[in-house]
Structure formats: C-alpha cells, structure tokens
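Novice: Chain by chain, the residues run as shown.
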Amino acid sequence: MRLLEVKELSVTFPTADGVVRAVRGVSFGVDAGQTLGIVGESGSGKSVAAMTLLGLSRGGTVSGSALFAGEDLLRMTEHELRTVRGARVAMVFQDPLSSLHPLYKIGWQITEGIRAHTDLSRHAAQQRTVELLGMVGIPQPGRRIDDYPHQFSGGMRQRVMIAMALALSPQIVIADEPTTALDTTVQAQILDLLHRLQRELGMALIIITHDLGVIAQTADDVLVMYAGRVAETAPRRDLFYRSHHPYTLGLLASVPSAVGTGRLQPIPGQPPSPIALPPGCPFHPRCDYRMNRCATEEPALIPVSDGSGHQSACWLPTGALGTTPAAHAARQFSAHRHGPVTA
Amino acid sequence: MTTDVLLRADDVVKDFAVRRHGPRVRAVDGVSITVHHGETVGLVGETGCGKSTLARCLTRLYELTSGTVAFAGRDISRLSRHQLAPVRRDMQMIFQDPYGSLNPRRRVGSIIGDPFAIHGVADGHDRQRRVQDLMKLVGLNPEHYNRYPAEFSGGQRQRIGVARAIALQPKLIVCDEPVSALDVSIQAQVINLLADLQDDLGLAYLFISHDLSVVRHVSDRVAVMYLGQIVETAPARQLYQQPRHPYTAALLSAAPVADPDRADQRQPILLTGDVPSPADPPAGCRFHPRCPKAQQRCTVEAPALVAREPGDDTHLTACHFPLDSVDELVPR
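Residue numbers (numbering that gives the first Met the number 0), protein chains in the order written: chain A, 0 to 342; chain B, 0 to 331.
It cannot be assumed that every hint is accurate.
As the list claims (entries may be wrong) - Derived, one-sided and incomplete: chain A residues facing chain B with beta-carbon distance under 10 Å:
hint, residue
1, Glu40
2, Ser152
3, Thr183
4, Leu211
5, Val213
6, Thr217
7, Leu251
8, Leu263
9, Ile266
Unchecked claim - Ranges of calculated distance between the beta carbons of each label pair, as one might list FRET restraints:
hint, chain 1, residue 1, chain 2, residue 2, range
10, A, Arg198, B, Arg73, 56 to 62 Å
11, A, Asp118, B, Lys292, 46 to 52 Å
12, A, His100, B, Asn102, 33 to 39 Å
13, A, Leu200, B, Asp279, 34 to 40 Å
Don't read these hints as lab results, they were simulated from the structure. Where a beta carbon is used, it is the ideal one built from N, C-alpha and C, also for glycine.
Given the sequences, and given the hints that come with them, work out the whole structure.
Specialist: In structure tokens form, the structure reads like this:
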C-alpha cells in the first residue's frame, strides 16, 4: 500500500461567471522516501489539488478519495484533519514572507506548532526549535529564535518554513513552488537541503512547480497537469526522454535549457479557461498532432507501456512523437561535451 | 552583427538616499558596458545586484550620480528632458510586469499609438492603420484595437508592450525581465517574437534576466553583475562554457537544467550565505565572503575588470584568481 493514494480527485468552485472546474478526476500516489513532482502552468490545478488534500480549498466542492495510511483525508472532519495537517502532512509555501506572521518571533511561531500537537513543555519545545533551525542551516539558531521574519533574508525565511514543516516529523511534505521566489544560488541551496533532509528523515516529498528544471533535478515520478487533469505521468527519465503527450513535448520544446541551442518551439495559443473548457481533449485546440476524434472524445489516462507506470491521456499511439527535445539536447550535449555541465 | 557601438556606458554610478540626509546606497558602482548595432547583450544577476537600476540609468529614466552614457555617438547623460525626446525614439524599454506597465483605463489601440502621438509622427486614420500593422506584426488580432488591457492574457499584454516599444523603429530596446512573469509555453512565444523582430528590424537588445538559460538562448554577449558591479563579461558561448569568475561559475552550476541526465551529472557549487546588503558592501572584492577561492588579497584589494588572457579582450573578469577550470571549485 502506498503512503498516499489519491483517486479521482475533483474540485469545483462556483463563481458568478460559472462553475470553475479546477481539478477533474486526478489520481496519483507517493511512497515514503520518494519525490513526486507535479508540473503545470498557471491555472492547471496543481496547487488546488494539493491544498484540497489538507482541506485548504475553502468553498470548493470536492469528490474522490485520498487514502493516507489507510484513512481518507477527504472524509475527515475538521477536527480529525487538524491532527494530520502540519503534523503528519506538512506544507511549505512559495512565499515565506506572507506565510510567516510578521509580528511574532520565529521561535514562537515554530514552538507554537509543536506545542499544539504534542505534550512537550515550553522549554523542550524551544530546544526542539533550536535543533530544527540548526538542521536547516540557520547560523546561531539559539540567538535567531528571538528574531522576527523581516530580520531574515528570503532564503533564510524559506529555511524557517522548512524547519516549521519538519517540526513534527511529518510523513509527507508538500512543497508548493518552494524556490520560485528565490534567487538561483539560494534556490540551489534550498533544493539541496530538501533533498538531504528527505534522505535523512525518509519522508515523502511532493514538489509542485512550473519549472521543469526543478523537476528534472528532484523528482522520482512526475505528474504533468493541464486544464485540471493529468496529461501524462511517468518516472522522471521516461517523461523527459520518452514523452507521449504532445503537451509534455510542447513544454520541453519551450524551455531553453532543455532545447540546447535550437530555436524554441512554443505551444501556440493559451490554456483554456477552466469555466469554458473545449469539448474533447482540452489540449486539442493547441495541439499539432490533433485528429478528428480529439475534438469530440476526451482521452482517458491509460498506460503507455506495461509496468513502468508511464501513463498518458492522449489518443496517439506509443512512439508517435519520436525524439523529444531533451533527448535530442542530451545527445547533442554528450557528443561535443567540453567544459562544465551548466545551463 | 556590425561592430560599431550603439550604446556605450562608462563608469556609471547610481546612489540612492535611504532617508533624506541619511546614508546612501550605491546600487550601481562604476559599470561600463557597450551594446553594438543589432546585437543582444544579456545582463544577469540576482535580486538587488543593480541590473534594473543600471537599465534605468542607461535609458535616463534615472539621473546618473556620475559617469557617462553615449548613445549613437552622442553623450546623453546630461541632456535635459526636452533634449532627450528625440533620443527616446531610438531607445525603448519593455518591462517585466505586463499588468503594471499598461494603463488599465486606456484602450490598447491608444496605448500602442502613444509613441506616434508623442513624437507627432502620425495621427487619425494613418495612426490607426500603423497601430494595426504593429498588432499584426507582434501576433495580436488587429480587430482588438478597441479593447482594454484587462481583456488580454499575460502573454498578449507583453506583446502589447513589445508593439509599443517597436512603434518608432528604435535601434535599441532595453528589456527588463521581459518574460519572467509568463508561463513557459508563453515565454517561448515572446522570446521567438523578439528574435524575429531583431532579424526583421535590425534591433539591438539589452536583455536583463535572472534566468540564465533564457539569457544564454538570446544573447550574443553576456555580462554578470554582483552587488552593483560587473564581475565578468564574455561572448555568451564562452561565458557559459568557460566561466572564469567564481561567482559566474557558481551561478551557472546552480541553475536547474530541464534534462534529467545532465541534472544528475551536475556538481553544483553551493555558495554559503546570502548576497550582502549594497548599503554596506564588503571591502576588497565584494564576492570574497562567499567565495570558495578567496585569499587575503581579496579582502583588501578590489580586482579590476580586465582581460585575464593576453590577446583576448572580449572576455573580461574582475577576479584576482580567475579560474582555469570550473573543477577547481567542485568539492571532492
């Protein structure tokens, strides 16, 4: 049994303009010690899907199931959920400045979470906090617990958020764009930290990002979302080198670091509005490979090859896309490799 | 690419007062840079390194504290607002935020038509026709002439900004993070649009971005900034393959690559600590507190930006101990 098994998750929000179908029948799972990367563009439903697991998509109508250690997160009462959220499943958000309370000391904010979930004394919780801040690489943690969020830099604040997420030794950490607001050198530090802590603590990690570079570096399995659905899911190398869905291919052909020196091949048009999705496959109006049936029948997510876990929601036969840009660039790269491995 | 210089900045300095009569922050500290006709110069650096401030100094949106900027052979650094007007026809800017840089209460046609109105180039039907030609050129539907910015997506708004910038057929466009706010598939559309316009109109770009792979993709030459100074500049290919400044090497090694095999082979050079405050920069080489190669000399003497290989005046490095190979920094 997997640590987390999400099945047919759907979330809709009623709005004045119509029903927003943010997440439509999404299934995924993650095991202890594994990293699942969820990638997609703005409005693809990737954040809503993750927030819903912790009961954080207020106002939405939710269906499906999310079994976590045998219990369904989506059926829990608010009271039951409070014992899970933050303690057994923790979250790290994109913007540490707006997720930390500006008027409370860092130490207090972490200690409070620990004391809400455990019987530790104030003193013991404080000690644990200092230990956590040290673990995420904050210098002089004993002194910094008395500082306020504005006294930390962006990278240090993200470390505080990670310390807070790890405070109760969660089994799953969901990181929603954890490095998007950070500079390149700091991003590398934070990704390295998450990876190291995951190895040491054996937790499962779900990284939500729009950055295929972050995915290539961190994920074991990848979920590509488009218009609220899973377009493709596969182990990391299969996804990059043997993409089956034209949307995945389109994303890769749009990223300079995947393409190498060739001209970028952007996906034409824009993602559809979640209120007025096109009939059939939601990607068909932008797809270079569309066929007649794509405009009328929405393809199901089905296995691409046996046993590998590679699935795609596309009517194309296996291998139709040929060599992916990443595979091409990798070959180009190893053919005349000189100098360091860089962007 | 022709070799004549279009824009030349010499020793540009820009100070900001934190409070009135308070301490001053030197955001740009003695930067010299050139852009030739028809070329793209990439400017990379992290938050607060002064790259946007430099862009605004070069376009005279900010007054320089000292230094000079020459555009098409003419010193523009002391020109009055009135004298600048004709220069601005040839030098335009595209901004990062496609939401903040377009007036939400004005129709797209009149936003793009502004340059024609301001410079008295065209009016009436002639202006409308030229605006619609521009809209077509940047991939917008000319029939949307009377719509408001809110009716367009982020990528389309950036196209509006591009149309406005190219209206008067400038020689140089300073692009400040032009694609950072866009989704990847849309980002690629705008990058290709900028490349096509460069081919068709012979534009030069100063392309500012924190995204190293985007800069590599578009640039002929690249300059790397750290704490208000340029630490290294070289032809793009050379800079990415053989960085000589330890900061450049660390920055390049830290950038994520959307390719699992290359990502696995990578040995990132992890820098310790954060970028220091420009209000109180370190003495000597500004990078020395974070530099894995720093020695005594680096703490007292600031290195000059000079060629480190005899005879190669295109690759300049501000480092006392430039790298021969990136492997010097990779932990064993």
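Novice: Looking at the structure, which of the earlier hints fail to hold?
Specialist: Going through the list in order, the structure violates no hint and respects every one.
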